[in-house]
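Each chain, letter by letter, is given below.
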Amino acid sequence: DVKVTQSSRYLVKRTGEKVFLECVQDMDHENMFWYRQDPGLGLRLIYFSYDVKMKEKGDIPEGYSVSREKKERFSLILESASTNQTSMYLCASSLIGQKFFGPGTRLTVL
Amino acid sequence: QQQVKQSPQSLIVQKGGIPIINCAYENTAFDYFPWYQQFPGKGPALLIAIRPDVSEKKEGRFTISFNKSAKQFSLHIMDSQPGDSATYFCAASIQRGNKLVFGAGTILRVKS
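Chains A and B are the protein sequences, given in the same order. Under my numbering, the first residue of the first sequence is numbered 1, with each subsequent residue one higher. Under my numbering, the first residue of the second sequence is numbered 111, with each subsequent residue one higher.
In short, the hints are calculated from the structure, not lab data. Among the clues, some could well be false.
Take a look, some chain A residues computed to stay more than 10 Å from chain B by CB distance [to be verified]:
# : residue
1 : S8
2 : R14
3 : D28
4 : I77
5 : S80
6 : N84
7 : S94
8 : T108
Distance windows between CB atoms, simulated [as the list claims (entries may be wrong)]:
#  : chain 1 : residue 1 : chain 2 : residue 2 : range
9  : A       : D28       : B       : K209      : 16 to 26 Å
10 : B       : Q191      : A       : P61       : 35 to 45 Å
11 : B       : A139      : A       : E62       : 23 to 33 Å
12 : A       : E56       : B       : R171      : 33 to 43 Å
13 : A       : G63       : B       : G127      : 39 to 49 Å
14 : A       : D28       : B       : Q124      : 39 to 49 Å
15 : B       : G127      : A       : P61       : 39 to 49 Å
16 : A       : T108      : B       : K125      : 27 to 37 Å
Here a beta-carbon is modelled for each residue, glycine too, at the ideal position from N, C-alpha and C.
Sequences and hints are given; from them, build the entire structure.
Now the structure itself:
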């Protein structure tokens, strides 16, 4: 079974803090993704990566950056957290088409 | 602006009923339409998917109906069970590509 793990289930940070969300997949997938999930808005793509050190902006990249130094690991970085970044963050990986999601990190920014 | 519009936002049915969730899209380049199911505390998981060259696809109790001319597709759950209670997302992409666009989600509750 594909396993996608996220470093934290719940995280509370203060406005202005730098926040790192980590994601690891164990299936050697080329593609990895970061989404945020908000009620009434569904899942929105923040960034994705199709290879090590390669990345592409999704629909809502503002205020976020990503890092992929190893194939199995994809990090989402909030350079200066703001209250409007309070959300559920979902990481996913895929080989062709089908995405496998992690359990999510619920981030609260105070 | 949502590229894939999903309705209803929430749905309550009795056990054995047939909940129907509808989605509509504008981009005619979309050619892959998956549905994802998400249980509380879990990430979404692929449930069933369809391509526009077929009008219907069944997998167990789950059926997707697709209407290419109307640019609409829907999920039907036959003989629904309390264990089907979850959030359902429709989605669309071009050639199963990386940019999968999701609908807003439907929270389904099946009452026993």
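Hint check:
1. S8: holds, 14 Å
2. R14: Holds, since 25 Å exceeds 10 Å.
3. D28: holds, 17 Å
4. I77: Per Cβ check, I77 (chain A) is outside 10 Å of chain B; nearest 20 Å; holds.
5. S80: At about 27 Å from chain B, S80 (chain A) clears the 10 Å cut-off, so the statement holds.
6. N84: At roughly 18 Å from the nearest Cβ of chain B, N84 (chain A) sits farther out than 10 Å, so the non-interface label holds.
7. S94: Answer for S94 (chain A): violated, closest chain B Cβ roughly 8 Å.
8. T108: Holds, since 16 Å exceeds 10 Å.
9. A:D28 <-> B:K209: 16 to 26 Å: holds, 22 Å
10. B:Q191 <-> A:P61: 35 to 45 Å: holds, 40 Å
11. B:A139 <-> A:E62: 23 to 33 Å: holds, 25 Å
12. A:E56 <-> B:R171: 33 to 43 Å: holds, 37 Å
13. A:G63 <-> B:G127: 39 to 49 Å: Between G63 (chain A) and G127 (chain B), where Cβ atoms are some 43 Å apart, the hint holds.
14. A:D28 <-> B:Q124: 39 to 49 Å: Given a distance of about 44 Å, which is inside 39 to 49 Å, the answer is holds.
15. B:G127 <-> A:P61: 39 to 49 Å: holds, 41 Å
16. A:T108 <-> B:K125: 27 to 37 Å: The hinted range 27 to 37 Å holds for T108 (chain A) and K125 (chain B), with Cβ atoms some 36 Å apart.
Violation of the numbered hints given earlier is confined to hint 7; every other hint is satisfied by the structure.
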